Amino acid sequence: MKRLQISLWVVCFLLMPFLLLAQEQVQELETITITGQSYEKYTTGSRVTRLDSGSHYSGPAQNLAELLAGSTPAYIRNQGHLMLSTLSLRGTGPGHTALIWNGININITSLGLSDFSLIPAMLPDEMVIHHGPGSALHGTDAIGGSILLNSKAPVDGLSVDVSQTAGSFSTFRTQAGINYKKGRWGFKTKAFLFSSENNFPYENIFQAGSPRVRQANAAVNQSGLQQEVFFHPDDQTEISGGLWYTQSDREIQPGMLSAQHRWQKDEATRAYLKGRHYRNRSLTEWTLGYNQDQINFFGEISVMPRITGRVQHDVDLAPGLMVQAGVEWNTFMARIAQYEAGRMAENRQDYFLASTWQPWKSGKVSFNIRQSFVAERPNPLAPTFGFEQVLTVKDDLSCKGKLSLSRSYRVPTLNDRFWLPGGNQDLDPEESLGGEIGQVLRYRNWELEVTHFRQRVDNWIIWLPQPEGYWAAGNIREVSARGWEISLNGTWELAPLYFKAGGQYSYTRSEILKGESGLQPFGQQLAYVPFHNAAFHLDVIYGKASLRTQINYTGERFTSLSNDEILNDFLITDLSLNYRFNAWSQKMRAGLGMFNLWDVAYQNIARFAMPGRSYQVTLALALNQTLTEK
Amino acid sequence: MNRFQTLLLLTILGFSLFIMGCSNDDNGPLMPTVDFAPGVFIVNEGNFGSGNGSISFYHPETMDVSQDIFQAVNGRPTGDVVQSMAIGGDRIYVVANGSNTVEAVERGTFNSTATLTDGLANPRFAATHNDKVYVSNWGSFDENFQLDQSFVQVWEAGASAPSATINTDNGTENLMVVGDRLFASNSFTNTVSVIDLNTEEVISTLELYQGPGAMVLDAAGNLNVICTGNFQGQDGRIITINPNSLQITGTIELGLNPSNRLTVAEGTLFTIAGANVVKISPSGAPELVSIEGVTGLYGIDYDAARGEFYLGDAAGFQGNGKVIITDQNFEEKESFSTGVGPNGFVFEN
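Chains A and B supply the protein sequences, listed in that same order. All residue numbers for the first sequence refer to this note's numbering, where the first residue is 7 and numbers rise by one. All residue numbers for the second sequence refer to this note's numbering, where the first residue is -11 and numbers rise by one.
Hints listed in this document are in silico derivations from the structure and should not be mistaken for laboratory results. Mixed in with the good hints there might be a few duds.
Below, a list of computed lysine to any residue pairs in the SDA-like style, where the Cα atoms sit at most 20 Å apart [what the hints assert, rightly or not]: (1) B:Lys267 with A:Gln472; (2) A:Lys271 with B:Glu131; (3) A:Lys271 with B:Phe133; (4) A:Lys520 with B:Glu280; (5) B:Lys321 with A:Gln526.
No experiment lies behind these values; they were computed from the predicted model shown.
Could you put together the complete structure from these sequences and hints?
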């Protein structure tokens, strides 16, 4: 009964902006404009998290996994330190997030997921998380959410910055960036070298006598380069192109009970060419993309190239009404020994329509829809409906209600379809029906956002043993995920100090409704989906010095679908101190990082060691311009 | 935001930083000494690389199940990929393939007496004979995943290093002692190595069929070897050999690729494939018996003393497995949850 009361209150709270629609004092929503990232105007009603861009380039995180763990409520599963890192958004699986680089889905096509430890944090200029099902805008894989990595045009002038970092466990990172823009041309270059012996000490509680040992077989070597060119032939046209190359050579960290010595080499080659042509009240955008992942696992090489082309057109039909129509085609190829004849190739087409409409000044509605085909076979139709209503209570206090309903899909991975034996080309796409309701409260420099989400994922593919003696993929599982996401962000000044704080919390219940018969009865929580997850950061800025405290809490989680082994929760605190100064008439920055400050012994994945307290120092030099910070 | 609020926030932050520094270690109490006899040990392999292999113990009289007994008794996990166990004398040997260890525990209490590691490289199975334990090893894989040299180690009871290492063919898997001979099936090949236990040398290498694995002796004293066949060849076989003359005395074609499991019940051989038990009568085609409610069978053994089959359902390795005890017609009598990936049963009388 009490539960019901609480639920009613919560619903009333969330519905407030809608219920008070008739109130006089209404604030105008930002007018929809045709500029900016093309998808953003159509994300009405859903939660969007934008990462502080300063943290990418000059922050302590080497890869996206570390960056996301510290700044979002998303749960990152690390199969060891600097090892395979997958993401679970809103209680879905590791393949249920679309990772999109400048409009191109860069999930590894054979596996249908991304290893976030292979994506350097410094390469993207901007990172946006679009939570929840969003296939209408982002195509396949966008079931738990989508992560968008975007490039930004360079700023006028020339700037060069170089930094060197050294840290515990023989960890070194060298990175450089060049930004140049003059007239109609702009160039951006980013490059890095990263290596770590990664031989951190830990207490192996699983060996007799809990000896203190050093992690063996976990060394990492990575490097990468991104080159981009921006060209404005005239005021109405932007043409940009980019090339991304990253490589990684890793030993694979074995578990604390394992004596395996394996290695993996990964290479990613990506390119895009994009044109945007503005006309009076319209925008035509075309994109050509190439994305190739190559994985060499212990001598077994697979290569997965993919070509993408897309044309879309946005029209400002009437004041407050904008419509986008577009078509995308993809050619998927793969050279994998276990596929028939060692290779596959196929075409996919997507047709999509997006629209956003402001029926009144304080309200906004979006309707998006996508129909895609894999080798002529249709995927589920993916529509999204979104609604936002803003209400101003006082000048400095407002709230915005959000509502969104979607259907999303995920095309089975290439391995699910082509692996012999066990792959099945007749598999159905996974599909998800979901919705969210949320509210954003703004008071001065503070913003509180509360979201409740619910979704069901059906036809979830897993591999099971077959009578013929091998494993095969099947549309086995149905999962219901629901939960809450709460975030609070704000800034304030207390001269001479300036503060920036942000906190996120998520509660996730991800329940098996249908699955492998051997697991009955159903109702179990998915493995490695914590009920509680939180992240908090506080920046204290004093003149040229700044101190960031970052705390990440990962709640207890089950290690298997049996829900009997519980892995302890952990709370990791990181500190980083930065100081800017001038030397030799150049701008310099010195940084000191302390990770896992309290030397907490924890496991992210059961029986895989993680490092205790560690340190790093950074020295950065910026020529001709301020450091790429903030 | 005023000064008070700021101070409050900083205080809360400071306090939370403090409490975060305090850890909570909770090592559960160890299990009181239990007599693990008589009854049935269940070998739960665990997920590869996850270190969650375990041994469970089932008391048929009381129908009680003790899970993860090695952890309960010794306060640490059994290992990664707990492949097999063997009983000999007053010891039980538990082979953890992924950990490269063989745990020697005291029979009855399961107290660890030694962890064997010396020279082990992908250990698979153990067999015991006269105070000695023999351990089959695949050997190590090189940089390009090529197998180096498979071998069988000989350990004297209580020793900290093997007394002999006998080279065999690739993928040495199951072991079976018959008289003073040790039969070792080389699963990546088509051979079985025959080792004289007095000289500890290979006296013969029998060519059978692709993928030799589990072996059982039948009532007539013949050795039956299951050969899982060629990849996707649907050509598994059971080959019968006379362990004295080393002559092949019979071959049964199965028409499928069975799992590497073999057991004998009242003169009939049984293996498994998917969710089916495969009944192999000496005459006539192999017969598939589908087991209700099973995701994928992973272990089968026959308890001759009680006339019961023990079946292990790995449930797709997504969580704990299930043990199903059936009568001789595979009618379920009892079932219970066990560790991850139950691959076999060892009967302790």
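| query | When the hints from earlier in the document are held up against this structure, which numbers fail? | reply | Going through the list in order, the structure violates no hint and respects every one.
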